[in-house]
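Protein chains in written order, with our numbering: chain E, 15 to 258; chain Z, 15 to 258; chain R, 15 to 258; chain F, 15 to 258.
Accuracy of the hints is not assured; some may be wrong.
For identical chains, the list gives no copy identity; a pair is met inside one copy or between any two copies.
Claimed, not checked - Dumping the calculated DSS-like pairs for lysine-lysine here, alpha-carbon to alpha-carbon at most 25 Å:
id	residue 1	residue 2
1	K145	K82
2	K214	K257
3	K145	K214
4	K257	K166
5	K166	K111
The set of hints was computed from the structure by calculation and includes no laboratory data.
4 protein chains.
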Amino acid sequence: MASKTFAIIAGVGPGTGSSIARRFAKAYSVVLLARNPASYETVVKEINSGGGQAVGISTDLADSNSVKSAFDQITTQYSGSALAAAIFNSGGGFVRKQFLELTEEDYSGALASQAKGGFNFAQGTLPLLLKARDTSPHPPTLIFTGATASMKGSAECAAFASTKFALRALAQSLAREFGPQGVHVSHAIIDGVIEIPRTKGWTFDHEDAMLSPDAIANSYWHLHTQPRTTFAFEMDLRPYVEKW
Amino acid sequence: MASKTFAIIAGVGPGTGSSIARRFAKAYSVVLLARNPASYETVVKEINSGGGQAVGISTDLADSNSVKSAFDQITTQYSGSALAAAIFNSGGGFVRKQFLELTEEDYSGALASQAKGGFNFAQGTLPLLLKARDTSPHPPTLIFTGATASMKGSAECAAFASTKFALRALAQSLAREFGPQGVHVSHAIIDGVIEIPRTKGWTFDHEDAMLSPDAIANSYWHLHTQPRTTFAFEMDLRPYVEKW
Amino acid sequence: MASKTFAIIAGVGPGTGSSIARRFAKAYSVVLLARNPASYETVVKEINSGGGQAVGISTDLADSNSVKSAFDQITTQYSGSALAAAIFNSGGGFVRKQFLELTEEDYSGALASQAKGGFNFAQGTLPLLLKARDTSPHPPTLIFTGATASMKGSAECAAFASTKFALRALAQSLAREFGPQGVHVSHAIIDGVIEIPRTKGWTFDHEDAMLSPDAIANSYWHLHTQPRTTFAFEMDLRPYVEKW
Amino acid sequence: MASKTFAIIAGVGPGTGSSIARRFAKAYSVVLLARNPASYETVVKEINSGGGQAVGISTDLADSNSVKSAFDQITTQYSGSALAAAIFNSGGGFVRKQFLELTEEDYSGALASQAKGGFNFAQGTLPLLLKARDTSPHPPTLIFTGATASMKGSAECAAFASTKFALRALAQSLAREFGPQGVHVSHAIIDGVIEIPRTKGWTFDHEDAMLSPDAIANSYWHLHTQPRTTFAFEMDLRPYVEKW
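Using the sequences provided together with the hints, build the complete structure.
If you want it as structure tokens, here you go:
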């Protein structure tokens, strides 16, 4: 069923994930992963009815069995295809609490959703990305979505910063291991509020103060199209009025 | 039984942990935590027979029940005492493997030993450190031991870098939350091979090429004695010949 | 004479500067600055004969009088035009010497070519970039070219690292001051050997081991086209086999 | 005249420089450098009348001739002595201005006072530090004083950030070149307001909100006493209530 080349986007909600899916669907068949089918159904329908190819698979990225089952399905459905790009865009793990109010479940849950989720996703995608090196139109690419908390811990943010730092460490380690093998591993630092349905009504002192999911998707596409002579590992994205 | 002021050192083996224990035992009663009593028995005996006060408690820092039970015991035994310093020096979580050989257990185990271990230790010690603010001779201090992998991911090192990055994020977050409350939180980056029984025979091109555990302990003591006007968060320690 | 929109590229030699000039000349009239006319004459001719518009102005960027005179000429020639992009790509200031062999002239010369050169260039371009905010097709953009030495000092590299660190500080400061005013300031870290005529013959263990100037230029163009909701400040570019 | 071992402190005013001088004068003869004799006369007198040994030499660190003449005098006076420590603590180069108000003199002046000043000081002291390796009681030490602006550029702070970044690059490069030769090079990041006569009246929301010059001096002394097995390169110092 599948087209010759495909991309997998993990962590698809109504914001960045959907924009990335739409952007990569202009060139590739896309597989969208999210725990809740409601998260991807709209964009899957939209892409398919617009002439693209999209499928959604309900997956809990923090659960290795769930991830394994998703990749079994992917391997079967896309057996003759090349995985050109894999994007880890999970939004989970955020919790803001005074440290002494934080439970072990909060902390472990945060580690599971980004660090372990990223690990599971990389374990699933890297064998396919390695296999696609000769057939992918651009070097096969694995991109992780970071945040302000990837670079800086802050008060009442220990759990989220821990898991986002861990995800960045994973990305760096993979870039250094798989870059020389021809897979492009990148980490994007999203520093600011993204304009998604949930944040639509938020007000700011200036207009255009929220990150555009479509612009983020364009930058991810740019990363994907870089030749192996000239890979970017990291790019920080923020609104022009953001303090940093 | 306990003296007026005490310190807790977690992750005590024959190297840095023992040196830290000896250094802090010059001023305080010390509690040493390690999974295996064999790890602390020698130094506990040495300190007690030298006129100091030391007790060891067998604790698995990655297991919150084990940590809870250790702190129940500490709270009882040291009920009238002030916790002046707590040092997290766990050596666990190191694994070097090609990423696609890394199992989920490897990765989760690494996250558990440093990130979750650090979390459990901070949960146990911070209430005691806060309580000691008026009675501790120096601002109550919580120090985490980092590594080269706290700053940089590398090939075949994804698990260890993830957990060490996470531990640094935890330390930064706690410094920003508890510093203004008067607790000194620090993170030391140990960048190089430490001279411990296991590494004793290793050879290098130059003499003095391994970190001295006693010198590390002296720097931790220095951090502990800084007044709250002048807290260091981070210090990187390496042998003079180390490449970095 | 000038078209409606133009770009200025400073530090044009046969490598990256020429590629950036060619890339931006697809959309804009370009002004190329270099001390020696021989550095830009070939690419100016090539662009003009290919249907683009290019002029070269002999300029010593480290000399404020020379820069002032270049910008007087630019302001006159492009009085009705919008400056959409300005790129500082000076290659000067590199010197490798044992520190005690380094002369004051070496050190001051390094500071002059990157730090002062970047300062002079920013002083000349920012007023024009601010004026272009309403008419430029993309947010007016000021990009600085960094290097490995922008992030890390190294033995025998004190002068070059000092000036490259200073240039990065300048870029960061300008991003924080002019970003909120709508000018996009970026810093690209070029980490590796660029394939230019001088390095053409160099051999490496792997093919494609040198950065492509055209790919660098494409990434600069991508930075330029980002909307103000989603500005990147920094991007690191290196060959897939580069150690970092 | 001189005692067996001495230290040189450059950039001595009534604050940190004087505290460092007093601290190192407990162990060594000290030479204090400042442009204006008024800056060091009080502390020189204080040290000498307290049983220590101190001399001041009027020196403009940004001017290589002035530095050369100071070191000629030092070499003569301390010909049989070992230079155990050299501390660069210049306070110059700070200017806060909107970038387009910044003059070339402002920017060059900033580069001269920290970057070139640090270069001149390192050129003068390193030959003496190398010579002292066998006789200094601790590894000969060269410490540079950094600031918040060493790590982060900010709006209206381009000149100061440029020169402080450059000084850090210098320190890193020297640490990597001279560390393996047995000279301990360090960089301290002073992040906050220091309590000196000029800031005495400043008010804050909390007590103890300013850095203590004596505590900074103690940390410098600690750095100096580290053995070569265990050198710290960098330490960040800030008041407990400082935002960072």
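Structure-based check of each hint:
no. : hint          : result
1   : K145 <-> K82  : within (18 Å within a copy, 48 Å between copies)
2   : K214 <-> K257 : within (20 Å within a copy, 30 Å between copies)
3   : K145 <-> K214 : neither (41 Å within a copy, 31 Å between copies)
4   : K257 <-> K166 : both (14 Å within a copy, 12 Å between copies)
5   : K166 <-> K111 : within (16 Å within a copy, 28 Å between copies)
Taken one by one, the earlier hints fail for this structure only at number 3.
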